[in-house]
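Enquirer: If you want the building blocks of each chain, they are given just below.
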Amino acid sequence: MEHEVETERIMRTARLAGRLLLENGAETYRVEDTVKTILEGFGFEEVAVLALPTGAVYSFVDEKGVPRSEVIRTKARTTNLGQVAKVNSISRGMVSGEIALEEGCKSLEALRQARPQPLWIAMPASAVSAAFFSLLFGASGFDFCIAFLCGALTRALAMFFREDSVSSTMYALISGAISAIIAAGSVRLFHIGNQTPIIIGAIMPLLPGLAITNAIRDTVNGDLVSGVARTADALLKAVAIAAGVGAVIALWR
Amino acid sequence: MTFTKALFDLIVAGIATAGFGLLFRAETKSLAPGALIGGIGYVLYDALVLAFGSTAVAAFAAGVLVGAASEAAARAFKSPTIVFATMGIIPLVPGYGLYRTMEYVVGADYTRALASGMETLLVAGAIAMSLGFSTVIARRLLRMARRKPMDGRLG
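Going down the list, the protein sequences come from chains A and B. Counting from 1, position 113 in the first sequence corresponds to residue 129 in the working numbering; the numbering is continuous, with no gaps. Counting from 1, position 80 in the second sequence corresponds to residue 83 in the working numbering; the numbering is continuous, with no gaps.
Keep in mind that the hints were calculated from the coordinates and are not lab data. Take these hints with a grain of salt, some might be off.
Claimed, not checked - Below, simulated SDA-like cross-link-like pairs (lysine to any residue); rule was C-alpha separation at most 25 Å, straight line:
| # | chain 1 | residue 1 | chain 2 | residue 2 |
| --- | --- | --- | --- | --- |
| 1 | A | K102 | A | S156 |
| 2 | B | K81 | A | A130 |
| 3 | A | K52 | A | A92 |
| 4 | A | K52 | B | K8 |
| 5 | B | K32 | A | P134 |
| 6 | B | K8 | A | S156 |
| 7 | B | K32 | A | W136 |
| 8 | A | K102 | B | R78 |
| 9 | B | K81 | A | E118 |
| 10 | A | K80 | A | L66 |
| 11 | B | K8 | A | R93 |
| 12 | B | K32 | A | Q133 |
Stated by the list, open to error - Quick partial rundown of chain B residues pointing at chain A, CB under 10 Å, derived from the structure:
| # | residue |
| --- | --- |
| 13 | E106 |
| 14 | G110 |
| 15 | A131 |
| 16 | R146 |
Claimed, not checked - Label pairs and their calculated CB-CB ranges:
| # | chain 1 | residue 1 | chain 2 | residue 2 | range |
| --- | --- | --- | --- | --- | --- |
| 17 | A | E86 | B | F11 | 50 to 60 Å |
| 18 | A | L240 | B | L53 | 34 to 44 Å |
| 19 | B | S57 | A | V73 | 37 to 47 Å |
| 20 | B | K32 | A | L251 | 30 to 40 Å |
| 21 | A | A130 | B | A35 | 19 to 29 Å |
| 22 | B | D112 | A | L68 | 55 to 65 Å |
| 23 | B | D112 | A | G71 | 35 to 45 Å |
| 24 | A | R204 | B | F11 | 28 to 38 Å |
Note that the coordinates shown come from a computational prediction; the quantities given were computed from them, not determined experimentally. Glycine is no exception: its CB is placed at the ideal position from the N, C-alpha and C atoms.
Take these sequences, add in the hints, and give me the full structure.
Expert: In C-alpha cells:
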C-alpha cells in the first residue's frame, strides 16, 4: 500500500513536469528526457516516453511488475522560457537527490499556479522590442515612437485571446492588421515618417521565434513529427501576420 | 561599415532582443547574455551582407555564431539552450523579407513577389541549417570532452 502511494506521487510529479514543459514551449526531447529521467531516477524500469507538441504518453513497469501508462494532453501553448528553465532545474535537482520528491512536486505545483505576465511588464517589453527593431530598419524618431505605440497596443490586445492554436492564429492576423492601420494612419495623418520600418518593427515581436527554434532542434534530434508540426505552426503564424498587414495595405493605398 | 554603425547595431539589436526575451519571460539572469548574443549575431549578419551581398550566406554564418554562443551560454548560466537561441536568432528572422514579399503580392507584382519570397525562405532555411549545425557540433564536442578522461579515445 505504501508503495502504491509512493508510485502515485512519482507519476504525479512526472506528469506535472511533462505538462509544464509542453505548455511553456520546451523542445520535444526535453519533455521526453525529463519525464524519463524522473521515472528512471526513482527506480522504475522499461520507461518509454513519447512526446508531441500537443501531448505526451509514458509507460513503465512498476515494482510489482505491472505495466502502467498515462496520457498527458495539452491544448494551451504559451512561450515562457523562464518556466522551462525552472522545471529543468527542479527535475535535475530531484534526480540528483538535492531536492526531495515531495518538495520538488510542491515546487512544480507552485509553478503551475504561476500568474500570467502582468501588462505593466508585457506592454513595455513588446513596445521597446518593436521600437528598437524599427530602428534597425531605418526608422526616424517619429517612426520609432509609432512603432513603440504599435508594440504596446498589440500586446494589450493579447489579453482578449486565449492561448490555443485557433486564437493565436487569429491574434497574429489581427495584430498584424492593427499595426498596419496605426502605421499607415499616422504617416498619412502627420505627413511625416515612413510606414515600412514601423510595420516591420511592429511585426518582429509577433514572429514565431520559439516555434522556429524548436522546429529546428526537434528535427535535428530526430523528432520528425514534432519538427514538421512546429514548422507548419511557424509558417501559419508568419502567413497570418503577413495577411493581416497585407489586407490593410491593399485596402488603404 | 564603420565602427559607429556596428556599435549602433549592437546596442539597438541588443535592446530589441532583450525586450523580446522579457516578453517571452526569460529569467532575468538570461536577459543580458541573450541580448548580447542577439546583438553580436546581428552585427555579424549586417557586416557579411555588406561584404558579400548574400543575405542567406550572412544569415547562415551569423546563425552558426548564435547557435554556438547559445550552447556555451547554456552551460555557463545553467539554463536551457533554447532560452538563448530563441533570443539570439530573433534579429536574424527575415521580417523585412516577409514585409517586402507581402507588399509585392498586394501590388500584384508576382515576379518580384516570387523572388523576394524565395529569398525570405532561403534566409529562414539558412538560419535553420546553421542552428542545427552548431547544435550537432556542440554536442559532438561535449561528448568528446566527456569521454576523453575515461578511456582516452576520441568519440
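Enquirer: All hints are to be evaluated individually against the structure, with a verdict given for each.
Expert: Tested hints:
For the proposed pair K102/A and S156/A, the alpha carbon gap of about 40 Å is over 25 Å, so the pair is violated. For the hint linking K81/B to A130/A, the alpha-carbon distance of about 22 Å falls within 25 Å, and the restraint holds. Taken as a hint, the K52/A and A92/A pair is honoured in the structure, with Cα atoms around 23 Å apart against an allowance of 25 Å. Taking the CA atoms of K52/A and K8/B, the gap is near 49 Å; set against the 25 Å cutoff, the hint is violated.
Between K32/B and P134/A, the direct Cα distance comes to roughly 19 Å. Compliance with the 25 Å bound is thereby established for this hinted pair. Taking the CA atoms of K8/B and S156/A, the gap is about 16 Å. The hint holds against a cut of 25 Å. Only pairs whose Cα atoms come within 25 Å are accepted, and K32/B paired with W136/A is accepted, the gap being roughly 20 Å. For the proposed pair K102/A and R78/B, the alpha carbon gap of about 15 Å is at most 25 Å, so the pair holds.
This hinted pair checks out: K81/B and E118/A have alpha carbons roughly 23 Å apart, not beyond 25 Å. Among the hinted pairs, K80/A with L66/A is consistent with the structure: their alpha-carbon atoms are about 23 Å apart, no more than 25 Å. A C-alpha spacing of about 39 Å is found between K8/B and R93/A, which places the hinted pair above 25 Å, so the restraint is violated. Of the pairs offered as hints, the one joining K32/B and Q133/A holds, with about 17 Å between alpha carbons and a cut-off of 25 Å not exceeded.
This hint holds: E106/B has a C-beta 7 Å from the nearest C-beta of chain A, less than the 10 Å allowed. Checking G110/B against chain A by beta carbon gives a least distance of about 9 Å; that is within 10 Å, so the hint holds. At about 5 Å, the closest approach between the beta carbon of A131/B and any beta carbon in chain A falls short of 10 Å, and the interface hint on this residue holds. A hinted interface residue such as R146/B counts as satisfied when its beta carbon comes closer than 10 Å to some beta carbon of chain A; here the least separation is about 14 Å, so the hint is violated.
Look at E86/A against F11/B: about 53 Å separates their beta carbons, and that is inside 50 to 60 Å. The hint said 34 to 44 Å for the Cβ distance between L240/A and L53/B, and at roughly 37 Å that hint holds. Separation of S57/B from V73/A is about 44 Å and conforms to the stated range, judged on CB atoms against 37 to 47 Å. About 33 Å separates the C-beta atoms of K32/B and L251/A, a value consistent with the hinted range of 30 to 40 Å.
Restraint check, A130/A to A35/B: a C-beta distance of roughly 23 Å satisfies the suggested window 19 to 29 Å. As the Cβ distance of D112/B to L68/A is approximately 40 Å, the hint placing it in 55 to 65 Å is violated. The hint said 35 to 45 Å for the Cβ distance between D112/B and G71/A, and at roughly 43 Å that hint holds. Distance hint check for R204/A and F11/B: the Cβ-Cβ separation is about 29 Å, which falls inside the suggested range of 28 to 38 Å.
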